[in-house]
Amino acid sequence: MSAAKPAGDRTDSLEHVRSPNRTFGPQPPGERFEVIGKRMRKVDGAAKATGEALYTDDLALPGMLHGKTLRSPHAHARIKRIDTKKAEALDGVFGVVTGAEMPARFGVIPWTPDETALCIDKVRFIGDPVAAVAAVDEETAERAIQLIEVEYELLPALFDPAEALARKDVLIHEGNKHGNVTKEVKLEFGDLAAAFAKSDFIVEDDYFFHGTAHAPIETHVALARFGSDGVLTLWSATQIPHYVHRELAKVLDLPAPQIRVIQPCLGGAFGGKSDPFSLEFCAAKLAMKTRRPVKFLYTREEEFYAHRGRHPMAMHFKTGMTKDGKLTAVDSKILIDGGAYSSFGLVTTYYAGQLLTGPHHLPTYRFHSTRVFTNKPPCGPKRGHGSVQPRFALEVQIDRLAEKAGIDPIEVRRRNFQGAYTTTVNGQRVTSNGFDQCLNQVEVASGWKARRGKLGRGRGLGVAGSMYISGTNYCIYPNDMPQAGIQIKVDRSGLVTVFSGASDIGQGSNSVAAYIVAEELGMRVEDVRVVAADSDLCPVDLGAYSSRITFMVGNAAIHAARKLRTQVQAAVAAEWGIEAERVLLAGGFAFDRDDRSKAISSAKAFQITEARLETLGTTGSYNTPNLGGDYRGGTIGASPAYSYTACVAEVEVDEETGIVTVPHIWTAHDCGRALAPVLVEGQIEGSAYMGFGEVFLEDHDVNRFGLHARPNLLDYTIPTSMDCPEFHASIVESLDPEGPYGAKEAGEGPLHPTIPAIANAIHDACGIWLTKLPFTPAKVLAALQAQKAASGGARNGASGNGAAH
Amino acid sequence: MTVESKLLRLHVNGAPIDVAAPAHWTLLEVLRYRLLLTGSKQGCDKGDCGACTVLMDGRARLSCITLAADAVGHRVTTIEGLVTSAGLDKLQQTFDEAGALQCGFCQPGMIVAARACLDRKPEATRAEIKEALASNLCRCTGYTKIFEAVEQAVRAGKAAHIGGPAAMAPTASATGVAR
Ligand code: FES
Ligand code: FES
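Listed in order, the protein sequences are those of chains A and B.
Okay, so the first sequence: first residue is 1 according to this note's numbering, each after it adds one.
Okay, so the second sequence: first residue is 1001 according to this note's numbering, each after it adds one.
Chain B extracted, bound-state conformation:
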């Protein structure tokens, strides 16, 4: 009864990978069910909540409304890909430090969206942060501590910059086409 699968050559979290999946599968389905990258969450499966946000070439993208086939030829980074041998992404650290995590279900998408924002605007203001996270719903926190976590990362980025570029930890998304 299962639909015929297509072979897709994806590039996920820094490495190429071939995946066989039905042609109509979304990127979220392939990430979660084929690659077992369960960090990206499904909150609605129709583009309304942001829990499935990943980076495609450094830009935030809702993986539940992106066909896996459309990810071919692009660099996909998921929440798991933000962890490198250098450790956690600054945002992953500040979200933890600021207490921005309650149930945590929105957080992979939220952190990834915040990463896309800071990669483009390392000195993002609160208004810019709010706007960048507008399609990521959080039902627990009221966003207050999420904004604080992103601002902490902004401050850390500035401090690192003053201390010299070497102090700035590379982020996985920096491997994408930065804009």
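Excised from the complex, chain A in its bound form:
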């Protein structure tokens, strides 16, 4: 990887804001917003509250078989022989499949296809899938997989990424050109040596972010049917139905039009359902082999092994600051533990550096991130993909520097605020940016000025900030087609059906699509129905990742609905003999702006339009403008708009036990216009919750044999109702010129600052800097002890010597 050109002048003009890509600006389509920005119910809320909503495991088909997967008991081994005869002979078994029958390699990133549906020559972690069975019921399938004989030749297993990097004799993927390195990125922007030389303060530390899991309450599940028409239908709990569709075609060697992928209601994902998984291929293959529908439901334990969770990262960070609090340079070196496969690792390796260049202005920046394979469950994207880990390191270093410079941590962030409409040091275009208002909000809400540093020993407040992407213009497989599409169909009854490819994973994308279409057409939300995530019915959407859906599908929905709006306005205007702009659509009616007594229902307006025009239906789409720095990798992390978050956490440290409690977390998030404030608040609260769990409770780790240390929800502790702080969410709306009505993302950004805010609050409480997550009582006590030893019990924040290394 070559060093990049430094980014251009910070006052770059923002030509692309007015690019040909279709965006409609922040204004309402009519006189005022009727639906957008209101506290609405979700379109599927009642169905979920009553248990009517159907999730994948709630589906059953006549003659359905149940599948089970045989998994590797070894962390690293060669498969010498697989004998499935006994399993096949078992009464009630209809089919067995092994890797040799599905040899095509797949991977969500087309450049790194290193997985097969079932292992063929080698297993690379405990839990790697080896064979699968379809039987009359789960118990029979379970018995059958026990009857499969597999002979393994054990290989040395690597669990430590540093060792995996150094060892040339043990290769986890033999074909890999760079030993056990899956991806390495080095990028440098500006003259760091000069910048450090003029710094008044420099801090340099090692940080560690541990692995964590998504732990959605619904585990992976897939149901396949191979019809007599030759169509394979797969219902799957996936957040990327389109990529599953593509990879199924490849692995099953079926023409893509013969495959239909449907994502039913989904029970949580958080990035954990962003890869194609073994069970999707196995259900499909076994359905084809047995000619009966086949369902696979992963157990909770299998869910933990399938993983794709947050990558553990060992991070060396060096940051400089002038005495007036201006950041001068950030230099990081990051070793990323990828686990056994590539997954999204190429992107992770970039995101670990590329997404750190806001909301603070970094005049110079360098990162060097290296992802290596280890014999552990594969890591992938988890909420805040790739950037949650380095954000922790950077925000803690900013606090360390602020302390040295004697500047309040909120004030120091204000002084470094990059502002709106600028370009980052790595060439990312920034449009709207409300980070300064986010800081103001958490400062006031937390009582920061009156309380910080004054709560007494053991209690403290800490702050941190962050940014995140609203989708990215790096589209995984290169193509010039739109990233998102919407189709609208109008029924004479007055019902409008919206066909959306987007995956509603609980974030409410179906609701948002309905709100937007209702807003544009002046309809009641009840009269808009959304059909989503069915490849036979809906236009392609790339999936629920990179916080792209509201931004991209939202714009596509406006585009489609506005075409229809224009048609309806023109037709009704012609009917009434007035100019089109006089026809307003709102509240379920079309009426004359200048004579409001003249009103007809939406249904009537549609009928007039259909009579005058033709069968009604429109399409809309969205594609990103060309963005990103002019260097290799410069488009990764380039987003049409960035969201910003500030967070203040309050902690209480029990210095006897090392137990830290967090009574409050205040999070202010700039999501542009909040299209659905209730949903945005839910995303902010849920993000803060997830970050909180990662700090204290969660740890996805393996023992010395590579066996998952806690593959269940009793030992892998996610926060319960009793553990959680009070989450205080507030919304900042810096209207974005390109977002749908000015909206940006809200689902991932707010997680980032939670973790460093807690770390900084712990420092405020008792003067220790914790650098290695998770912050267990043992680590807190060790740091307190080190602090005592170093300073003979000196007070609060006297020095940085208490770092727990």
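It is worth saying that the hints were derived from the structure and are not from the lab.
Mixed in with the good hints there might be a few duds.
To be verified - Think about it this way: if two alpha-carbon atoms lie no more than 25 Å apart in a straight line, the pair counts; the simulated DMTMM-like pairs of lysine to aspartate or glutamate are:
| hint | chain 1 | residue 1 | chain 2 | residue 2 |
| --- | --- | --- | --- | --- |
| 1 | B | Lys1006 | A | Asp137 |
| 2 | B | Lys1046 | A | Asp137 |
| 3 | A | Lys38 | B | Glu1148 |
Guided by the hints, dock chain B with the ligands onto chain A, whose structure is given.
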């Protein structure tokens, strides 16, 4: 290969029903696979997550670690049973209104557990609500809006009480042995 089934006389959502199922099947299995009451969810199948919570005689019970045979002689109410001809249970309404539902997978169990709580403590405080929901994991919401939804139902219950007992909608679980 299948195990021999037993005939169980259950009482589910207000009506008796006979079900043949293997003796080792859990109540969750019988509800989901025999009675097609798929509202109760399986998140772990070992008593760790609460997604499978149902009411047995008005008390919250993890159906994945309850043998179906142990439900014989008791009144079982699932999330589906909270909907009556009078409409949705107040909690089902407030969960929707408060935006407590994201993916919704935890919600049937959560709502049922909250119902058990309010049936015993109609004026439950936030601390009591937190405690009552402690064995129901939600991975989406951070619980904030869930607490608000239950509190809304508490307030609605109080208001209904002031307005006279007739205004209070009966809940399905009220058919159980209230405690
Ligand atoms: S499924 Fe019963 S507690 Fe998780
Ligand atoms: S709403 Fe998704 S787990 Fe609770």
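For each hint, the structure was consulted:
1. B/Lys1006 x A/Asp137: With Cα atoms ~17 Å apart, lysine 1006 of chain B and aspartate 137 of chain A stay inside 25 Å; holds.
2. B/Lys1046 x A/Asp137: Distance ~19 Å between lysine 1046 of chain B and aspartate 137 of chain A Cα, so the pair holds.
3. A/Lys38 x B/Glu1148: Between lysine 38 of chain A and glutamate 1148 of chain B the Cα gap is close to 18 Å, so the pair holds against 25 Å.
Of the numbered hints listed earlier, not one is contradicted by the structure.
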